[in-house]
Amino acid sequence: TQLLEQSPQFLSIQEGENLTVYCNSSSVFSSLQWYRQEPGEGPVLLVTVVTGGEVKKLKRLTFQFGDARKDSSLHITAAQPGDTGLYLCAGERGGGSNYKLTFGKGTLLTVNP
Amino acid sequence: GAVVSQHPSRVICKSGTSVKIECRSLDFQATTMFWYRQFPKQSLMLMATSNEGSKATYEQGVEKDKFLINHASLTLSTLTVTSAHPEDSSFYICSAVPGTGDEKLFFGSGTQLSVL
Numbered sequence: 036t037q038l039l040e041q042s043p044q045f046l047s048i049q050e051g052e053n054l055t056v057y058c059n060s061s062s063v064f065s066s067l068q069w070y071r072q073e074p075g076e077g078p079v080l081l082v083t084v085v086t087g088g089e090v091k092k093l094k095r096l097t098f099q100f101g102d103a104r105k106d107s108s109l110h111i112t113a114a115q116p117g118d119t120g121l122y123l124c125a126g127e128r129g130g131g132s133n134y135k136l137t138f139g140k141g142t143l144l145t146v147n148p
Numbered sequence: 182g183a184v185v186s187q188h189p190s191r192v193i194c195k196s197g198t199s200v201k202i203e204c205r206s207l208d209f210q211a212t213t214m215f216w217y218r219q220f221p222k223q224s225l226m227l228m229a230t231s232n233e234g235s236k237a238t239y240e241q242g243v244e245k246d247k248f249l250i251n252h253a254s255l256t257l258s259t260l261t262v263t264s265a266h267p268e269d270s271s272f273y274i275c276s277a278v279p280g281t282g283d284e285k286l287f288f289g290s291g292t293q294l295s296v297l
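These protein sequence lines map, in sequence, to chains L and S. To convert a position in the first sequence, counted from 1, into this note's numbering, add 35. To convert a position in the second sequence, counted from 1, into this note's numbering, add 181.
So that you can see chain L by itself, here it is in the shape it has in the complex (with noise of 0.2 angstroms):
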């Protein structure tokens, strides 16, 4: 079973456009993680949202967590072909030995110059 459901799984956008990518989950989590991978590395942390209702900013990336901290989303303004990549979510359950990150199933973005 799926923990989180990242949507859409595929998106091929021109550049200057916009999207939002959605996470969303039944089960509530500690904190989401957004990460960017590109193909033969590992995923770079983009961003950590912990309180319901968190909404972070980076450059043209604004991070959204859900109010019952069990959704959130990404939005990119103005995309650029840098910005192509995979985005994957994450939530965090538990800590210590019990510490586990669980990934939705990404998010590959294509933006077309």
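Keep in mind that the hints were calculated from the coordinates and are not lab data. It is possible that part of the hints are untrue.
As the list claims (entries may be wrong) - Covered stretches of chain L, going by a simulated chain S footprint (3 or more residues, C-beta under 8 angstroms): (1) 76-83; (2) 100-114.
Said to hold, decoys possible - Derived lysine-lysine pairs resembling DSS-like cross-links, with alpha carbons at most 30 angstroms apart: (3) S:201 x S:236; (4) L:91 x S:236; (5) L:140 x S:236.
None of these values were measured; they are calculated from a predicted model. Beta carbons are placed, not taken as given, at the ideal position from N, Cα and C, and that holds for glycine.
On the provided structure of chain L, position chain S as indicated by the hints.
Coordinates of chain S only, in the frame set by chain L:
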């Protein structure tokens, strides 16, 4: 920032051989390390959680005798794919959690395994 080194980055082997992948935390001690598997254009699937000095905890459906995990020190965990077959070809990624109470995860750069 914290660095996790994963080696090798790419390995090609013959079917039936065993391959060892190393994951090292270079500037912090990692009480817990995680091993993931990733198929092309798909997300990371957690294979197992490795705790220093104890047996790894495997996710459902992951064969522990096939994917041997050793976490003998606070800076090194290894994943050995035993008797590798073509279906084991995949991108394997490790991550580590510092034992400082800060649960931020640091990822290695991954290992692309190709079994011929």
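The hints, checked one at a time:
1. 76-83: This one holds; 6 residues, not fewer than the three required, reach chain S with a Cβ under 8 angstroms.
2. 100-114: violated (count 0)
3. S:201 x S:236: 17 angstroms, holds
4. L:91 x S:236: Violated, at about 38 angstroms.
5. L:140 x S:236: 28 angstroms, holds
The earlier numbered hints that this structure contradicts are 2, 4.
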